[in-house]
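*Asks:* Below, each chain spelled out in residue letters.
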Amino acid sequence: MTTYVLRGVRPLGADPTDLLLRDGTIADVGPGLAADGAVLVDGTGLVALPGFVDLHTHLREPGREDAETVASGTRAAAAGGFTAVHAMANTEPVADTAGVVEQVWRLGREAAWVDVHPVGAVTVGLAGERLAELGAMADSAARVRVFSDDGHCVADAVLMRRALEYVKAFDGVIAQHAQEPRLTHGAQMHEGELSAVLGLAGWPAVAEEAIVARDVLLAQHVGSRLHVCHVSSAGSVEILRWAKARGVAVTAEVTPHHLLLTHDLVRGYDPRLKVNPPLRTADDVAALRGALADGTIDAVATDHAPHTSEDKDCEWQAAAMGMTGLETALSVVQEAMVETGLLDWAGVADRMSTRPARIGRLAEHGQPLLAGSPATLTLVDPAARWDVDPAVMATASRNTPFAGRRMHGRVVATFLRGRPTLLDGRLQDATAQGAGGAR
Amino acid sequence: MRHLLSAGDLDHDTALLVLDTAEQMAATQQREIKKLPTLRGRTVVNLFFEDSTRTRISFEAAAKRLSADVINFSAKGSSLAKGESLKDTALTLQAMGADAVVIRHQASGAPHRLATAGWVHGCVVNAGDGTHEHPTQALLDAVTMRHHLVGMRRPGAAAGRDLAGRRVLIVGDVLHSRVARSNVLLLHTLGADVTLVAPPTLLPVGVDSWPCATSYDLDASLPGADAVMMLRVQAERMHAAYFPSAREYSRRYGLDARRLRLLDEHTIVMHPGPMNRGLEISADAADCARSTIVEQVGNGVSVRMAVLYLLLAGSADEGIR
Ligand SMILES: [Zn+2]
Numbered sequence: 028m029t030t031y032v033l034r035g036v037r038p039l040g041a042d043p044t045d046l047l048l049r050d051g052t053i054a055d056v057g058p059g060l061a062a063d064g065a066v067l068v069d070g071t072g073l074v075a076l077p078g079f080v081d082l083h084t085h086l087r088e089p090g091r092e093d094a095e096t097v098a099s100g101t102r103a104a105a106a107g108g109f110t111a112v113h114a115m116a117n118t119e120p121v122a123d124t125a126g127v128v129e130q131v132w133r134l135g136r137e138a139a140w141v142d143v144h145p146v147g148a149v150t151v152g153l154a155g156e157r158l159a160e161l162g163a164m165a166d167s168a169a170r171v172r173v174f175s176d177d178g179h180c181v182a183d184a185v186l187m188r189r190a191l192e193y194v195k196a197f198d199g200v201i202a203q204h205a206q207e208p209r210l211t212h213g214a215q216m217h218e219g220e221l222s223a224v225l226g227l228a229g230w231p232a233v234a235e236e237a238i239v240a241r242d243v244l245l246a247q248h249v250g251s252r253l254h255v256c257h258v259s260s261a262g263s264v265e266i267l268r269w270a271k272a273r274g275v276a277v278t279a280e281v282t283p284h285h286l287l288l289t290h291d292l293v294r295g296y297d298p299r300l301k302v303n304p305p306l307r308t309a310d311d312v313a314a315l316r317g318a319l320a321d322g323t324i325d326a327v328a329t330d331h332a333p334h335t336s337e338d339k340d341c342e343w344q345a346a347a348m349g350m351t352g353l354e355t356a357l358s359v360v361q362e363a364m365v366e367t368g369l370l371d372w373a374g375v376a377d378r379m380s381t382r383p384a385r386i387g388r389l390a391e392h393g394q395p396l397l398a399g400s401p402a403t404l405t406l407v408d409p410a411a412r413w414d415v416d417p418a419v420m421a422t423a424s425r426n427t428p429f430a431g432r433r434m435h436g437r438v439v440a441t442f443l444r445g446r447p448t449l450l451d452g453r454l455q456d457a458t459a460q461g462a463g464g465a466r
Numbered sequence: 124m125r126h127l128l129s130a131g132d133l134d135h136d137t138a139l140l141v142l143d144t145a146e147q148m149a150a151t152q153q154r155e156i157k158k159l160p161t162l163r164g165r166t167v168v169n170l171f172f173e174d175s176t177r178t179r180i181s182f183e184a185a186a187k188r189l190s191a192d193v194i195n196f197s198a199k200g201s202s203l204a205k206g207e208s209l210k211d212t213a214l215t216l217q218a219m220g221a222d223a224v225v226i227r228h229q230a231s232g233a234p235h236r237l238a239t240a241g242w243v244h245g246c247v248v249n250a251g252d253g254t255h256e257h258p259t260q261a262l263l264d265a266v267t268m269r270h271h272l273v274g275m276r277r278p279g280a281a282a283g284r285d286l287a288g289r290r291v292l293i294v295g296d297v298l299h300s301r302v303a304r305s306n307v308l309l310l311h312t313l314g315a316d317v318t319l320v321a322p323p324t325l326l327p328v329g330v331d332s333w334p335c336a337t338s339y340d341l342d343a344s345l346p347g348a349d350a351v352m353m354l355r356v357q358a359e360r361m362h363a364a365y366f367p368s369a370r371e372y373s374r375r376y377g378l379d380a381r382r383l384r385l386l387d388e389h390t391i392v393m394h395p396g397p398m399n400r401g402l403e404i405s406a407d408a409a410d411c412a413r414s415t416i417v418e419q420v421g422n423g424v425s426v427r428m429a430v431l432y433l434l435l436a437g438s439a440d441e442g443i444r
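Sequences listed follow chains Y and U, in order.
Just so you know, we're using this note's numbering here: the first sequence kicks off at 28 and counts up by one.
Just so you know, we're using this note's numbering here: the second sequence kicks off at 124 and counts up by one.
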């Protein structure tokens, strides 16, 4: 395995130093490192961060390989600085059995771009009626710890309670897509002044907040871990803050797009801006940024949701909900959080790597950049500027809301256990290196 | 004016220009030979994804009286569940050389998408999209109101004048009404004072930001109104708990004989059609002398002639001969 010296990088934004990556671990940290046969990487101006961990990725395989595959989606992840992703369960067939989660996990190992951790469905077929075999998925080779019916809310209070209780046996967590279904029937966008003008059925923030409130109370009652997916409203932030102050074991994520974009953009009816939960107001964006800064929201999660052009190049109402996000996440976080002074790079490492790794119970990710840690890290050039061109992205889909936008900061290298998956901004094929990157 | 997607696209001068042009068009329709040569050689496509015979016929008559070639493309019943068909259909129309596309669609924003996605190069006219807008309906309503409330029913007397200070009530299912949205925008531009009257469940969240007043009380709103526009209400709405029953709805918000007596002498009664007689409007009200419902239909043709003319024949200075 090639040895690398990362010369002059700034770990978590601190003063420049060198990192020596050997045999899959960070062998040494300090100025002026050298090693025989090592490949030297000029890290001048680059910030070194632990590899990003995404709690919320739609890889679409099996079933919708026309939108994304495990291979294409994990390439996109590596390009975005990620070293682990949680693959959502809403595939066809649904990842609600040990067989399907093991299939996804195996595809991830074969692709070897990032560690793929399948999310198991909470209920059979995401139908919200009876529990899937959560224990079998936990015990499978995929070792599932995060369970979610994402795309569907576990709306039944009894079923949600049982799920929260049941996964305690194997230290699992229920990741809830908080959306009261009756309040959002046919919903197309954030309910407010603009939905009234545009004549689009509203998705009221209360439909999220009502479920978040119910679920934190349930989690407290049964003493379980709850994770709230893609928090989108200021009201949800207040409830989470209240729950955390009471000691409820709740964690939460926010997507990059909810940190940067608002519902005003829907005015042009461009379906690339259609997403669930919907883009909300500038006040919501401010509250989400504040919550991510103060830790009320634990993690940035992309909700990378690739869709084919047939599902997006149409009228708003017919379009699928979701946007890609893996390759733009870091840049959005830099613009929304770092350049605004809300987070420093240590904070970015915490919210994009350390905390999501802890929530997903991934021992090998989110570790400090110290000698002895896994050489699983990413290098960011904060000074870089680049324009989003959907045609040249690694994801198989083109539905980025940032097409044509000038992004701030860029991921230039990603290492997974000492092996570069991205170097000099170019994806590095594992098989070409002959390194056998998979564990 | 490149497209007509929203009544909000029309500024005060342009709105007046459309109304004045519509009146000139109406005057030409009194002649023995109604057909004008203005749009000879131009192609107007009526693209109707939703059934609306009356609106389609109105646009068709308007285009034909301007000598345009008309293609009626009724996509109803074909594979419309998928949105791709809008794009595919649009590309077909583009290949056929459509100069204007008149589109009716069940999805809010579909005309906007057609105009901005680069699928067609012609003008796009919104003939009603989902619960968004229906700008030509608002224009024909404005022509009707102006004729009665400003021109005092004398032909040509209202030319160049807006609806400043006129009080208009729009009553009923505002939430689901594209007619209400377009009317609020246009009437505001024309200086009218608009009050929306509806049960709170049928007013959208966010209505406070609209340039109009709102009321839950029809009886209290009727005195002093110059025009009362009743919106169609679907009885099925009660199944989604928007109101308890058709009976209660018409008792609280229907225009009936008793409420007609609360109106001032000059007040006109309007309805965009089709009516649910006995629900939002009683037969007495629909057929009374102050009802402009049939006249609205006639004004529809001249307004649509004006819109097509201004979009396709360009500058207004050419005048209408
Ligand atoms: Zn979701």
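Simulated from the structure, these hints should not be mistaken for laboratory data.
Some hints could be false.
Claimed, not checked - On the chain Y side, residues computed to face chain U include the following (Cβ under 10 Å):
| # | residue |
| --- | --- |
| 1 | L158 |
| 2 | H212 |
| 3 | E220 |
| 4 | A223 |
| 5 | L292 |
| 6 | V293 |
| 7 | D297 |
| 8 | M348 |
| 9 | E391 |
| 10 | P395 |
| 11 | A398 |
As the list claims (entries may be wrong) - In silico contact screen, one side only, chain Y against chain U (beta carbon under 8 Å); selected entries:
| # | residue |
| --- | --- |
| 12 | G295 |
| 13 | Y296 |
| 14 | A320 |
| 15 | C341 |
| 16 | W343 |
Heads up, the beta-carbon is just placed ideally off N, CA and C, and yes, glycines get one too.
*Asks:* Hints first: check each against the structure and report whether it holds.
*Replies:* For each hint, the structure was consulted:
Using the Cβ-Cβ criterion of 10 Å, the hint placing L158 (chain Y) at the interface with chain U is not satisfied: the shortest such distance is roughly 31 Å. About 9 Å separates the beta-carbon of H212 (chain Y) from the nearest beta-carbon of chain U, less than 10 Å, and the hint is met. Because the beta carbon of E220 (chain Y) sits about 4 Å from the nearest beta carbon in chain U, less than 10 Å, this interface hint is met. Nearest Cβ of chain U to the Cβ of A223 (chain Y): about 4 Å, under the 10 Å cut. The hint holds.
Using the Cβ-Cβ criterion of 10 Å, the hint placing L292 (chain Y) at the interface with chain U is not satisfied: the shortest such distance is roughly 13 Å. This hint holds: V293 (chain Y) has a C-beta 9 Å from the nearest C-beta of chain U, less than the 10 Å allowed. For the restraint placing D297 (chain Y) at the interface with chain U, the shortest Cβ-Cβ distance is roughly 8 Å, inside the 10 Å limit, so the hint holds. The beta carbon of M348 (chain Y) comes no nearer than 13 Å to any beta carbon in chain U, farther than 10 Å, and the hint placing it at the interface is violated.
Hint status for E391 (chain Y) relative to chain U: violated, with the closest Cβ pair at about 43 Å, above 10 Å. The closest approach between the C-beta of P395 (chain Y) and any C-beta of chain U is roughly 47 Å, which is over the 10 Å cut-off, so the hint fails. The criterion of a C-beta within 10 Å of any C-beta in chain U is not met by A398 (chain Y), whose closest approach is roughly 55 Å, and the hint is violated. A cut of 8 Å between beta carbons decides the hint on G295 (chain Y): the least distance to chain U is about 7 Å, and the hint holds.
Satisfaction of the interface hint for Y296 (chain Y) is found here, the shortest Cβ-Cβ separation to chain U being roughly 3 Å, below the 8 Å cut-off. The criterion of a C-beta within 8 Å of any C-beta in chain U is not met by A320 (chain Y), whose closest approach is roughly 29 Å, and the hint is violated. For C341 (chain Y), the shortest C-beta to C-beta distance to chain U is roughly 3 Å, which falls under 8 Å, so the interface hint holds. The interface hint given for W343 (chain Y) holds, since its Cβ lies 5 Å from the closest Cβ of chain U, which is under the 8 Å cut-off.
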